[in-house]
Each structure stands twice: as C-alpha cells, then as structure tokens.
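K.L.:
Chain by chain, the residues run as shown.
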Amino acid sequence: MNAPLIIFFVLAAIAIMGAVNLILQSHPIHCALSLIVVMVALAGLYLLMGAEFVAAVQIIVYGGAIMVLFVFVIMLLNAGAEERTNISRLAGIAGLPLAIVLMGFIAAAVAQSTDRVQAAAQLGAPAPTKALAGLLFQEFVYPFELTSFLILVAILGAIVLAQREKN
Amino acid sequence: MTDFLALHAEIIITLVKIVLLLFIVLTVNAYLTWFERKVVAHMQTRWGPHRVGPHGLLQPLADGAKFLLKEDPTPEGVDKFTYFLAPLMALTLALTSIAILPFGPNPIHIFGRDIFLGIVDLNIGILALFAITALSVYGAALAGWSSNSKYPLLGGLRSSAQMISYELALTMSVVGVLLMAGSFSLRDIINAQAAHPERGILGWNVFPQILGFLCFFTAATAETNRIPFDLAEAESELVAGFHTEYASFKFAMFFIAEYTSMITISALCSIMFFGGWLSPFPASWTFAHYLPSAILIPFGLWVIWDGIRYETIFGRIILPGVGAVMALIGALLIVFPFINEFIQGPFWLLGKILFFLFFYVWMRGTLPRFRYDQLMSFGWKLLLPVSLANVVITAVVIMVRGH
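Going down the list, the sequences are from chains G and W. Residues in the first sequence are numbered consecutively from 84, following the working numbering. Residues in the second sequence are numbered consecutively from 77, following the working numbering.
Rather than coming from a laboratory, the hints here were simulated on the basis of the structure. As the structure is a prediction and not an experimental result, all values here were calculated from the model. Here a beta-carbon is modelled for each residue, glycine too, at the ideal position from N, C-alpha and C. Check each hint, because a few of them may be wrong.
[Said to hold, decoys possible] Residues on chain G that point at chain W, a partial pick, calculated with CB under 10 Å: (1) 112; (2) 113; (3) 119; (4) 139; (5) 142; (6) 147; (7) 151; (8) 152; (9) 155; (10) 159; (11) 212.
[Unchecked claim] Below, computed lysine to any residue pairings styled on SDA-like, alpha-carbon distance capped at 20 Å: (12) G:213 with W:259; (13) W:226 with G:161; (14) G:213 with W:247.
Can you build the whole structure from these sequences, using the hints too?
P.N.:
What follows is the structure, given as structure tokens:
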C-alpha cells in the first residue's frame with residue numbers, strides 16, 4: 084500500500100459515495116451537490132495520473148460551468164423534494180438482472196487485468212500541456228474541428244428552439 | 077528527532093508556510109476593511125473609523141470580537157446542511173486560491189534548503205486558480221438557496237447567472253497573456269515579461285495586452301461580486317442579498333472570503349499584466365533599489381511623530397514602536413545590500429497588489445451599481461467579443477512575428 088494507491092482508493096470511494104448519494108437524495112439541489120463531489124473526485128483521480136490539464140478542465144467545465152447551470156435552473160424553478168415512487172415493473176424485472184450482469188462484466192474486466200488497475204493508481208509524471216496541445220491541434224485536428232462544429236450545431240439548435248418559443 | 081525532521085522536511089516547511097500565509101492573509105483582510113472604510117470615508121469627506129485606537133486602527137479588532145460574540149441564530153426552515161456548508165465553502169475556496177500565488181523570485185536559503193515564497197508552484201497555476209474560482213460561486217448560490225427566504229434566493233440566482241456570464245470573458249481575456257508566455261505557470265508568465273530588463277515598465281504585458289487587461293479586470297470585479305457588479309448583495313434592492321439570513325461569524329466568513337478573493341485578483345492582475353515582482357525601472361537604474369528604504373524610513377519617522385501626539389497606551393507606546401521598527405528595517409536594508417536585493421521582488425509585488433486593492437476601493441467610492449440588464453448585455457455583448465478579438469489579434473501578431 085503506497086501513498087498514491089491510498090489516495091486513489093480514497094478518491095474512488097468519494098466518487099462512488101457521491102454517485103450513490105446522488106441517487107438516494109430526494110432534493111434536486113442535494114443531488115446536484117453530490118454530482119459536484121463526483122466531478123471533483125474524478126478531477127483528483129486525473130491529477131493522480133499526472134493529467135494536470137484534464138483535471139483543471141474537469142473542474143472548470145463540469146464542476147464549475149455545467150453544474151452551476153444545473154444549480155441555477157433548480158433554483159430558478161424552485162424545485163422541491165421529489166416524491167418517492169415504487170420502482171416501475173420494467174425496471175424491477177429487467178433492470179436488476181441487467182445491473183448484476185453489468186457489475187459482473189466490470190468485475191471480470193478488473194479481475195483479469197490487475198495491472199491496469201495498478202496503472203490507474205500509479206503516480207503519473209505530469210504530462211506537459213504542450214504535448215496535449217500538439218495532439219489536439221496537429222495530429223487530431225480534423226476530429227477536433229468536427230467536434231467543435233458539432234457543438235456549434237447544437238448551440239444553433241438551442242437558439243432556434245428558444246426563439247421559436249418566444250414567437 | 078532530527079531524522080524525523082529531515083524525512084518530512086517538505087511537509088513541515090509547507091505546513092509552516094501555510095500557517096504563516098493564513099495568518100498574514102487574515103490580518104491583511106482585517107485591515108483591508110479598515111482601509112476600505114477609511115478611503116471611502118475620505119472620498120466622501122468623512123473621517124471614517126477614528127474612535128477605537130489612533131486613526132481607528134484597532135477597529136478591525138473590535139469588529140472581530142463583535143463577530144465572534146454576537147448571537148448566531150439559525151432561521152426556521154433553512155436547509156441545515158447546505159446552510160452551514162455555504163459560508164465554509166466560500167471561505168475555504170477563497171483561502172485555497174492564495175496558495176497558488178508566487179510572492180517572490182528568489183528562494184530563501186535556510187537550514188540548507190531553498191524555500192520559495194509561495195506555497196505551491198503549479199505548472200497549471202492559472203488554470204488551477206480558475207478551477208477554484210469556478211467552484212467558489214457555490215458559496216453565494218447555495219447560501220441564497222438554503223436560507224429559504226425570498227431576498228437571498230434572488231441574490232443567489234443573480235450571483236450564479238453573473239458567474240456563468242462573466243467566467244467566459246474572464247478565461248478568454250487571459251489567453252493573450254498565456255500565448256505570449258507559452259505557459260500556464262504564473263512564474264513563467266512573470267519571467268516572460270522580464271525578457272528585456274533594460275525596458276523596465278515597457279516590457280510588461282499590459283501594453284500589448286491592454287484589451288485583455290481591461291476585460292480581465294472588469295470580469296474579475298464581477299467574479300468577486302464587488303461594486304459596480306455587486307448585484308448579488310445589492311442593499312437597496314435585496315436587503316443584503318445572499319447573506320441576509322447569516323449572522324455572527326458565518327456572516328464574517330462571507331466577508332473574509334470576499335476580501336481574500338479581492339487580494340487574489342489584485343495579485344493576479346499584477347502578475348499577469350503588470351510584471352509581478354519586476355521593477356518598473358530599467359535594470360540599469362540601481363539607485364531605484366533604495367526605494368523600499370526611502371519609503372520605510374520617512375514613514376516610520378512619521379508614525380513615531382504621529383504616535384507621540386496621542387495620550388493612550390496604543391498611541392504613545394505601540395505606534396512609536398512600530399514606527400521605530402519600520403525605520404530600523406529601512407536602515408538595515410541600506411546597510412545590508414543582499415537583503416535589499418532579496419526584498420525588491422516582494423516589495424514591488426506587494427506594492428502593485430496594494431495599488432489594485434486601492435483601485436477596488438476607489439471604484440466602490442466612485443461608480444454606481446449596474447442595472448441587471450446592463451450587467452448581462454455588458455458581459456455578453458461587449459466583454460466576450462472584445463476578449464475573443466484580443467485572442468485572435470494576439471495569435472496573429474505572434475504568428476507573423478514568428479515566435
């Protein structure tokens with residue numbers, strides 16, 4: 084048990100607890116807070132692997148911008164606590180076995196490749212942001228530009244939808 | 077014992093630095109409230125605090141005691157967990173952001189180790205700061221929501237909307253500086269401005285990046301919720317905005333957070349656009365190195381003279397004592413040139429931070445508050461396009477020059 088491994092397990096535990104809490108909480112704001120905890124814990128995991136830039140961007144974009152928007156909308160709608168309902172029949176019959184199967188697959192994958200789990204917990208050397216920029220803007224520049232085009236289309240779509248409602 | 081010390085030297089040094097920095101920052105915060113009240117008062121031809129101690133210098137102490145001793149009621153119907161979390165989050169994040177700032181170029185040699193001024197020196201310094209700023213909005217937003225009261229909710233909503241709108245401009249406005257430095261590290265950004273020591277002030281980023289600086293400072297003022305962007309706590313409309321339902325020390329925590337982020341933003345402005353610890357004078361003007369002494373000695377003598385006029389213990393004994401120490405430090409700097417050399421960097425950085433803090437207070441004494449629609453259109457229609465244009469112009473110029 085070296086220090087990075089301990090930090091890895093602590094962060095992973097925080098992330099999983101946040102995710103479970105996200106489902107268990109009944110109030111939307113508490114759910115959003117749990118999701119922020121998950122995001123920040125993931126950023127910590129990235130940092131552990133030496134991906135400084137990705138970790139910072141994870142917090143800025145997901146922890147900051149997107150979740151602020153979530154919280155803002157929840158506050159604006161003044162959403163109250165959700166009511167508990169019985170689990171739908173489909174989820175009861177198909178969901179649970181599927182979840183168990185999925186867990187089994189993940190457990191098998193983890194058990195098969197212990198070296199990869201080790202790799203995830205390794206203290207990575209800080210990757211220079213310049214190398215990342217080179218990959219993004221030189222090697223994979225076309226996929227990158229296509230993705231940005233996709234986002235632009237989505238933004239335009241959102242504007243069109245918002246405008247139509249106004250008219 | 078010595079083995080233990082040697083083994084954990086890094087951790088111990090860092091802890092000591094953290095405690096020291098926290099102590100300094102909290103003291104500076106307390107006196108920043110005094111400074112703000114005094115400066116605004118003089119701008120409005122009032123005296124400001126002047127009852128507690130000479131020049132009201134003990135006022136922050138009295139305020140602190142009052143904050144600690146006041147009753148701390150929790151209103152009915154608040155969301156307990158979030159209500160307590162919000163001020164804690166605001167304060168913690170604001171104090172964390174200070175840790176990333178570097179305060180001087182040269183390390184101190186002590187016990188055979190180089191101790192740098194500043195707690196951590198991250199490769200992604202500026203990004204880490206933005207990450208912390210991005211999270212700090214939750215302090216105001218959650219405080220507003222959890223108070224279960226109309227005015228705080230409106231304040232929290234305004235705060236989060238403002239944050240979303242101005243964060244984009246804030247991040248885009250520094251891209252020009254990052255392009256010029258080729259690094260996210262604050263230390264590298266300052267060193268890039270020192271490329272031509274003979275130019276002095278003309279080498280600073282503020283001249284090529286004037287658009288970026290104006291956008292950054294405006295957006296940063298909005299991010300710290302200061303006048304003219306303090307709509308989240310507009311007294312005339314929302315009582316006190318998001319912290320209406322907070323009393324006693326929880327209220328003080330919001331205030332400490334606000335003043336701490338003022339210090340962080342002032343330091344960032346100095347580091348990114350005003351050369352950080354670089355002197356504004358060309359490197360050949362060695363006589364400028366005596367400036368700290370030239371300020372400290374007369375100021376110390378004035379404090380002694382001023383203190384003697386009072387009849388209280390604080391005035392008669394402590395003020396002349398402080399003045400004597402200041403004058404002595406000024407004299408020591410002349411006698412020991414190597415200390416003087418070391419002090420130059422921190423001296424200029426602190427001077428610039430102080431200037432920006434004064435600028436914040438100056439704005440508060442001068443500018444009226446924005447209307448809400450003005451705030452939104454200003455952020456989206458002016459700041460964002462200008463900062464984007466700045467990025468494009470900077471990139472093109474750097475490409476044409478062939479860096």
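K.L.:
Indicate, hint by hint, whether the structure satisfies it.
P.N.:
Hints, verified against the model:
1. Annotation: interface hint on residue 112 (chain G) holds; nearest CB of chain W at approximately 6 Å, less than 10 Å.
2. Interface hint at residue 113 (chain G): satisfied, since its Cβ lies 8 Å from the closest Cβ of chain W, which is below the 10 Å cut-off.
3. Restraint check, residue 119 (chain G) versus chain W: the minimum CB separation of about 7 Å is within 10 Å; hint holds.
4. Given the 10 Å rule on beta carbons, the hint for residue 139 (chain G) holds: about 4 Å separates it from the nearest Cβ of chain W.
5. A cut of 10 Å between beta carbons decides the hint on residue 142 (chain G): the least distance to chain W is about 4 Å, and the hint holds.
6. The restraint placing residue 147 (chain G) at the interface with chain W holds, with a minimum CB-CB distance near 3 Å, inside the 10 Å limit.
7. Evaluation of the residue 151 (chain G) hint against chain W yields a held restraint, the C-beta minimum of about 5 Å falling below 10 Å.
8. Below 10 Å, beta-carbon pairs count as interface contacts, and residue 152 (chain G) has one with chain W at about 6 Å; its hint therefore holds.
9. Because the beta carbon of residue 155 (chain G) sits about 4 Å from the nearest beta carbon in chain W, less than 10 Å, this interface hint is met.
10. Below 10 Å, beta-carbon pairs count as interface contacts, and residue 159 (chain G) has one with chain W at about 6 Å; its hint therefore holds.
11. Using the Cβ-Cβ criterion of 10 Å, the hint placing residue 212 (chain G) at the interface with chain W is satisfied: the shortest such distance is roughly 6 Å.
12. Proposed proximity of residue 213 (chain G) and residue 259 (chain W) is supported: the alpha carbons are some 9 Å apart, at most 20 Å.
13. For the hint linking residue 226 (chain W) to residue 161 (chain G), the alpha-carbon distance of about 11 Å falls within 20 Å, and the restraint holds.
14. A distance of roughly 18 Å separates the Cα atoms of residue 213 (chain G) and residue 247 (chain W); the hinted pair therefore holds under the 20 Å criterion.
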